Amino acid sequence: MITTMKGDRGETSLYDGTRVSKDDARVELNGEIDKLMALLGLCKVRSGNTDLFEKVQRDLMTVMAIVANGYGLMAGAGRKSNPLDQLETAITNMEDFIREATEGKRFEFVLPGKNEAEATIHLTRTQARACERRLVTLARLNAEPTQNQCYEILMRYLNRLSDYLFCLALG
Numbered sequence: 001m002i003t004t005m006k007g008d009r010g011e012t013s014l015y016d017g018t019r020v021s022k023d024d025a026r027v028e029l030n031g032e033i034d035k036l037m038a039l040l041g042l043c044k045v046r047s048g049n050t051d052l053f054e055k056v057q058r059d060l061m062t063v064m065a066i067v068a069n070g071y072g073l074m075a076g077a078g079r080k081s082n083p084l085d086q087l088e089t090a091i092t093n094m095e096d097f098i099r100e101a102t103e104g105k106r107f108e109f110v111l112p113g114k115n116e117a118e119a120t121i122h123l124t125r126t127q128a129r130a131c132e133r134r135l136v137t138l139a140r141l142n143a144e145p146t147q148n149q150c151y152e153i154l155m156r157y158l159n160r161l162s163d164y165l166f167c168l169a170l171g
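Take 1 as the starting number for the sequence shown in the working numbering and just add one per residue.
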């Protein structure tokens, strides 16, 4: 059943069962990422590029799990790879795409709205930036040396994602 009523008093559970306020920085970040995932769903529908945007959604599910788990690496039976390694690979792939898409081009501010798909991708890009800002807040509030590697990789991922979306919107 989806309705548990456990959140009726302004608290929710993290991955490990820890109860936190619904305005906890981790919950805020995951809420913003959830919105980003919904916008990526619109990108899939409006652009027709299902595989590309679904890959990003799957990466973001990994990001959300890491955040909800307090930046632990979610050890578990059958784990095939470290989630941070998966995100590092995604970062490298986005950087390769960005490099190829921008080689020899000059960039300036753009006015979104050439078509519905392009405008949706730009809107999604702005939400990726909002997620990045929430992550910066979280890192500042919860600065722990053991989490620095996670923060660093997640920040690089979200920063690269917004650049990647910008390049996709430009076509």
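Incorrect hints may appear among the rest.
As the list claims (entries may be wrong) - Within a straight-line C-alpha distance of at most 25 angstroms, the following computed DMTMM-like cross-link-like pairs (lysine to aspartate or glutamate) qualify:
| hint | residue 1 | residue 2 |
| --- | --- | --- |
| 1 | Lys44 | Glu116 |
| 2 | Lys114 | Asp51 |
| 3 | Lys55 | Asp23 |
| 4 | Lys44 | Asp8 |
| 5 | Lys35 | Glu152 |
| 6 | Lys6 | Asp16 |
| 7 | Lys105 | Asp85 |
Since the hints were made in silico from the structure, they are not lab data. In this text the structure is predicted, and so the values were computed from the model without any measurement.
Point to revise | Contradicted hints - numbers only | key: 3, 4, 7
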